[in-house]
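Undergrad: Chains as they are written, first to last, in UniProt numbering: chain A, 1 to 340; chain B, 1 to 340; chain C, 1 to 340; chain D, 1 to 340; chain E, 1 to 340; chain F, 1 to 340.
Warning: the hint list may mix true and false statements.
[Said to hold, decoys possible] Reference excerpt, derived from the structure (chain D facing chain B, CB under 7 Å, subset only):
id, residue
1, 18
2, 22
3, 23
4, 27
5, 28
6, 59
7, 63
8, 64
9, 103
10, 145
[Unchecked claim] If you want a taste of the chain F side facing chain E, the calculated C-beta under 7 Å gives, among others:
id, residue
11, 272
12, 292
13, 329
14, 338
If you're looking for bench data, these hints aren't it; they were derived computationally from the structure.
Every residue gets a Cβ at the ideal spot worked out from N, C-alpha and C, and that includes glycine.
Listed below are the residues making up each chain.
There are 6 protein chains.
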Amino acid sequence: MGKIVTFGEIMLRLAPEGYYRFVQASSYGATYGGGEANVAVSLANFGADAAFVTKLPKHEIGQGAVNSLRQFGVDTSKIVRGGSRVGIYFLEKGASQRASKVIYDRAGSAIATAELKDFDWPSIFEGVSWFHFTGITPALGDTVAAITLEACKTAKARGITVSCDLNYRKNLWSREKAGEVMAGLMPFVDLCIANEEDASDVFGIHARNSDINSGKINREGYQEVAKALTERFGFKKVAITLRESFSANDNNWAAMLYVDGTAYFSKKYPVHIVDRVGGGDSFGAGLIYGTLQAYAPQETVEFAVAASCLKHSIEGDFNQISVEEVTKLAGGDASGRVQR
Amino acid sequence: MGKIVTFGEIMLRLAPEGYYRFVQASSYGATYGGGEANVAVSLANFGADAAFVTKLPKHEIGQGAVNSLRQFGVDTSKIVRGGSRVGIYFLEKGASQRASKVIYDRAGSAIATAELKDFDWPSIFEGVSWFHFTGITPALGDTVAAITLEACKTAKARGITVSCDLNYRKNLWSREKAGEVMAGLMPFVDLCIANEEDASDVFGIHARNSDINSGKINREGYQEVAKALTERFGFKKVAITLRESFSANDNNWAAMLYVDGTAYFSKKYPVHIVDRVGGGDSFGAGLIYGTLQAYAPQETVEFAVAASCLKHSIEGDFNQISVEEVTKLAGGDASGRVQR
Amino acid sequence: MGKIVTFGEIMLRLAPEGYYRFVQASSYGATYGGGEANVAVSLANFGADAAFVTKLPKHEIGQGAVNSLRQFGVDTSKIVRGGSRVGIYFLEKGASQRASKVIYDRAGSAIATAELKDFDWPSIFEGVSWFHFTGITPALGDTVAAITLEACKTAKARGITVSCDLNYRKNLWSREKAGEVMAGLMPFVDLCIANEEDASDVFGIHARNSDINSGKINREGYQEVAKALTERFGFKKVAITLRESFSANDNNWAAMLYVDGTAYFSKKYPVHIVDRVGGGDSFGAGLIYGTLQAYAPQETVEFAVAASCLKHSIEGDFNQISVEEVTKLAGGDASGRVQR
Amino acid sequence: MGKIVTFGEIMLRLAPEGYYRFVQASSYGATYGGGEANVAVSLANFGADAAFVTKLPKHEIGQGAVNSLRQFGVDTSKIVRGGSRVGIYFLEKGASQRASKVIYDRAGSAIATAELKDFDWPSIFEGVSWFHFTGITPALGDTVAAITLEACKTAKARGITVSCDLNYRKNLWSREKAGEVMAGLMPFVDLCIANEEDASDVFGIHARNSDINSGKINREGYQEVAKALTERFGFKKVAITLRESFSANDNNWAAMLYVDGTAYFSKKYPVHIVDRVGGGDSFGAGLIYGTLQAYAPQETVEFAVAASCLKHSIEGDFNQISVEEVTKLAGGDASGRVQR
Amino acid sequence: MGKIVTFGEIMLRLAPEGYYRFVQASSYGATYGGGEANVAVSLANFGADAAFVTKLPKHEIGQGAVNSLRQFGVDTSKIVRGGSRVGIYFLEKGASQRASKVIYDRAGSAIATAELKDFDWPSIFEGVSWFHFTGITPALGDTVAAITLEACKTAKARGITVSCDLNYRKNLWSREKAGEVMAGLMPFVDLCIANEEDASDVFGIHARNSDINSGKINREGYQEVAKALTERFGFKKVAITLRESFSANDNNWAAMLYVDGTAYFSKKYPVHIVDRVGGGDSFGAGLIYGTLQAYAPQETVEFAVAASCLKHSIEGDFNQISVEEVTKLAGGDASGRVQR
Amino acid sequence: MGKIVTFGEIMLRLAPEGYYRFVQASSYGATYGGGEANVAVSLANFGADAAFVTKLPKHEIGQGAVNSLRQFGVDTSKIVRGGSRVGIYFLEKGASQRASKVIYDRAGSAIATAELKDFDWPSIFEGVSWFHFTGITPALGDTVAAITLEACKTAKARGITVSCDLNYRKNLWSREKAGEVMAGLMPFVDLCIANEEDASDVFGIHARNSDINSGKINREGYQEVAKALTERFGFKKVAITLRESFSANDNNWAAMLYVDGTAYFSKKYPVHIVDRVGGGDSFGAGLIYGTLQAYAPQETVEFAVAASCLKHSIEGDFNQISVEEVTKLAGGDASGRVQR
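Take these sequences, add in the hints, and give me the full structure.
TA: Right under this line is the structure:
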């Protein structure tokens, strides 16, 4: 399949156990996660050869991040070591009408303060066939945006497929800034992934007649969005995830893959949520895997949606799911009967 | 807004983790709670100036109760210290068709053995605008009932608004005794709060055509109950919570506020329960807060129901919810989408 | 009621907490369980005089198994001590579309390597009125099958009622082998218990028009299965549990008891699953209890289904439920309201 | 060996984990314990036939106490069920110069409010050869003292050996009251057990030249105490434990057994404390076991001290130690090398 | 006694449980602590009226810090709310020859980025009699140093006693910078507290013939240091803690208080360490308390050392010890016997 | 340094938390470990290029073992996947005079049932400079012994240095069998490691005048043992660890390295034990590292002993210690002072 490289930030994730609120927490479960790292781990769990690139401090908290990736077989040999802190995010799990809550504490992290010269992209891309990043990475700062641009250019020059998950984060940058920076990166992107809000937030492209908070999803609207994105940036493929949020516990989950003017809609899964952080990333990993396996578009989007459906049942950012499990669900067995 | 004082018992709550039954427990989560203390904490979390009055032993278990209130900013300076034990309640969380179970071990607690002279109500009510108690407090014993009566009289004489949640507990006293004692207290009460059973248990006032266990709620019936209560005791307002119990995990939750002959019904929320103990108390706190904020009746009941809806998603007796979160839900956003 | 003896394997059950996957586990909750042991504990919790017979090593892991039974009052005095290991099963709890997963590590356990002479059945059956085993026991190996046969013969000769839960385990033996061995044991059985797949797997008797994975249950089909089983083996009663699996969290649960040509169908319960392992065993215990109490067939199947419905809300293999709780649910109170 | 009966109170023990103080505890480890129950469990762990007699409520907290005993094979069939609460004690583990702390919450427990007619001693003592109680039992109240006296009389009349551990608890009764009540019970006692303070507190018999807090132990002084006790009450044997307390973590532990005018001193063990509650009880169990095994006096006291030395390494009140482990230590292997 | 104000940073403390290393941690115990906050809590636990001043974000992690102080009765009403992050420190507990390890992640915290105008010292010092800070506070940055200077000047002008614990932190500033800034603050200080290294690191004043790592303590040398400090800055009192480090588990702990040319040495305690972070702060709190109680110098230093000796047995930064416990130890009872 | 390969079994280690006994455990901490795996991880933590070779099942328990190695950077690419179970060992931590206890449940593991053809040694040894195994590996069965022999022969033929830790396990084979098999492997070994008992158990070579249980160590005796081993098998180096066991908590730890007729004795460390399992393996890793770094003999043994001294402070089998930490201790800083 060739090697896949993802680039971004991996953070220490600190979450009170169960449904405890932050102010009730006397301990935090400690794992690691971040959009692009999540994609790399999910791919490694599918058996793919995946590497994650970032910058991390030499101290033990940085080492913990490296180890968390290495245990799943992700290649961490290209991670630059230096800087003084690991970004942190605090996560409080919601229930019923109470939403999950994220507090970011990521300013000044090693990757956010990295320099252009830290990353030798030609060397990193040796033997690589796919490069993936998300809109969070360039949002970390101008230098990281420049590093990302250099990565994209190098990748393109070497014929590496590039995918990007728009992943707009309003607390990292404004819509205007995001639109401007992302527009400079999109020309290098082959596969663009977005959720129901991203295209609107970043590029001002709206799905008609959709009301996200009410959970109303409009199939035609999303096709238009994909079409508009394709026309503007020349993407080969556009994928959009479709989440209907009934409560913090119950969502519907589906997606559309738009290829060559045709929209392929997946099945829709009612998901009982264990942990929805990383749901979009697991979808991206499924898309990349399906594409590299040369699945047909319908099969690809079904694989990606089944993979991310299963992610919602897994604690932590990382999708701990095998190809066999995804295939079984995509093939129709959603009964959840005990496997002995 | 003025200061709010609540009076009653705060107990050590011992609950096996998760869904473990008592006989399986090798440890108990230890928090504190009790009807009136829960109201005080919820109000403090709304930013109100709330004080809780009780009697607690000087030893560390008593001190733990004080600390549990102080951490949320509840004024504990009027708590009398003495007596030998903190009341305890054991709580086993139910699931599906298995009901939650409470074992009380509260006899002989410091407050239940308190004396009239322990509480100097004129001093306690210095600068206070609202006094709240529940039917549990006078049920603790004749002396506590007498203390409560003195508190009510003192409050009334000073123009303090008085609210009471009927909260009938069959293991503390008989219906007859409750009816008699409560009838003596009601003339001092401005706002009466009840759930779907209390008016019937305490005062023999029934909602017609309702079957609580089957979860059937009858709007007209509850209006009649409120009307009957108002006529009998001259309440300014009557609030009734309406719970439909489908299982230990899933309830519907709504309420009615009856003011000047008009019944204001709230929206009805389907709640996925994390912990329903304290649900009624969080409703009471919402009512008091809304009233003190001079919200209109509809707005008040919506605020109170949204607050208590959210309480069902919180572990422990105390409602850990801010005004902003309540307002957001009351305003219609029940999607539970991640807040980043 | 007389004494009930069950015979089989009790294993150490190791399960990651909550919804963690095996590869995420840094600790395992350690309990004990196994089909026949589960039946014995459930019966003891109903107040019945139940004994469990097996072979267990003398070391502390074996002792832990004994203690786990003794704490509930199960008679363990007939357990043979010896052998070198306790069978283990690893259990990962599923959620949403992700199925629960069991990894067995039971080869070479003390009971699987037991000898015929280890068990003195005439002595074990002193004062006993009921003997129960499941299809797992003879599947442990030819010697254990021979021991089971001897137990059945001895029981029959003494007029002891014999029940068997078919409980086919495909990882222990093939359908062919199972069919052959079980056919040799069935003539001694009075009450046969099966789930929706067992009759088909073991004896090739199929329910028409049912699709298990899709959760479609066909009442007529199951009657036919019971009739066919009765005709083939001369059972006095046949009970079949009917599970509809919507997801790992939500199932419907019901059963049919077939007596003298008549099928008694129970109510159907929608269950929100805490732990479904042991669900079938708790049904068996309910059937045995109801029969020994001389309940009518409809009452018996309602009792057994209500008991096993409640089991789904309990952590661990053992059903920690009293007769009063079962009777209350069977009598119609499924509201899950707090019991104070 | 005959059957051993012990009589007293078993409490729910609630202890913060590790070295956390009460005010820091967000959960309590929940076990059960009490002087006489501890002796019964320790004896059962030695393989003896031991029964514990008390009164416990029918609810689940009471049932938990029963189960905690049953799991170790203690006969609980003579426990009377009734009353409303289980006594509780809160335990905070000390470290270094900070002492462990116990808060009792045992007033009003089922046993403390039991009646004379609850216990049918002739039936309880059927087939029994040894009866054991401690000074805590009669301290629970006049009725319990009367029950204890009746038990002693019945035992004596049947030729049952009686042992008593003086175990003075200053928070339960005064020295005067204790002296009076205990003096009435001592004539029935064959073996009297005391620690370095009890004889002084209860009977005003002092060891000369000993300063307990400084950890100074005077061998001659204790012989005098044993001699004085023997002369006053006609005991056949007197055992005194000798604890030198250097800190909450480190103690020396030894004992003396006084028989027929001769004092047998055990080896002295430096113990690194895991949990010292129940240390004295495990000594008593060792003495009873050694005596019933007809060990010589020196062997008996060495067995009892080795058993209780090992108890200090065990969490909880109950001594989880086998005869083999005791014998190995008493035989000289104190190296703590890994047993594979 | 008057009110005591302390000023500095309170951090979120994240520590793996037990003796786990950072790279092994799957969860972190979450408490709060920091030099001056620790002093405030310890004083509040002594019953003193203590306030803590800092700046904290409005979000829940900041609120958690406030709550952690409020629960012990520390006045938090003067805490400024704003900024974006709470400083964090990661703590790994050492054992035997393996040292404890601290990783600071405090750059950019709310207090480190506070402005001069955030703190209205005249208003903060209303009714205050003592002001305490440590060398960590001015080390947080030039602005915080300026704020500290303003606090000192305001305090001095109002006749408030000022104490400072030198507390040199090499990762926050250089020796040169520390010497310069601290020299500007010392003229306002009445009571100077230092450990065996601070005077040397900050002001280049060395104790002769001492080797800290070897644990060798030289009484004369420390007197000289105190004398030199007094002569240079005109302190009224100088206190120096004397720690002998044998291993991560075992230390000796003592101190000297130097007043008017006389050195008062305390008893020396061998401490078995549960958690030594905050040991110095608990000593400072003891000194302040003793001084405000007008204890004589010897009594004061004995109180302070006993208080901090006990701190070493407590988990977390905060000293959870009462005046009675300190007095009991200072009075000579170090046996650690169970307090019932 | 070249690559190091170790070969053996890695087991699932299940240990009750803290000092709980097996019969008290309601959960087990789950890690992985085994002599040769421990050496590989320790070397990887030193920064060396280490690979571990074994056979493990494909299921998740097997995958967990792989992941546990991968996280520390151990090369697992040569691990053969297959077989049905992972060996297990249960570990109960001792305290004071109570010894730690190990229950092995390793029969039938994937490696114990591996076949000769599973391992392609020429390919495994590509680019390798050191091969390490222990006496446990050939003890797993005749086939594993044959595999080990083939590995030794292949290594020798390629000029790879071979080290062996005798590690006699009496529950795996008899002294006679061990002596015979190990004698066949020794001719290929360059560096032989033994503890104070191994040479005696396996080869009948005794240290004179030593009594292991009493903790008496005889320097001359060990030199003789090393000399005798060298003469018999032609080892280049012999290392012997010297443990003095005072209790389960406190040991002394030292070692001797014998090279070319000279014995180099290390410093002796008093260790306060957190977890002593893997202590010998961490010594072996230190020896290999020191040798590959071309340290002088005295420096090598000091490095190895300091490394293993620190291991005793670490939970789990694996030594989580860096070269810097070892060097610091070996250099003399054993004070355990906090590293900030």
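Undergrad: If a hint holds in the structure, say so; if it does not, say that too.
TA: Here is how each hint holds up against the structure:
no. : hint : result
1   : 18   : violated, 12 Å
2   : 22   : holds, 4 Å
3   : 23   : holds, 5 Å
4   : 27   : holds, 5 Å
5   : 28   : holds, 5 Å
6   : 59   : holds, 6 Å
7   : 63   : holds, 6 Å
8   : 64   : holds, 6 Å
9   : 103  : holds, 6 Å
10  : 145  : violated, 21 Å
11  : 272  : holds, 4 Å
12  : 292  : violated, 23 Å
13  : 329  : holds, 5 Å
14  : 338  : holds, 4 Å
Of the hints listed earlier, those the structure fails to meet are numbers 1, 10, 12, in rising order.
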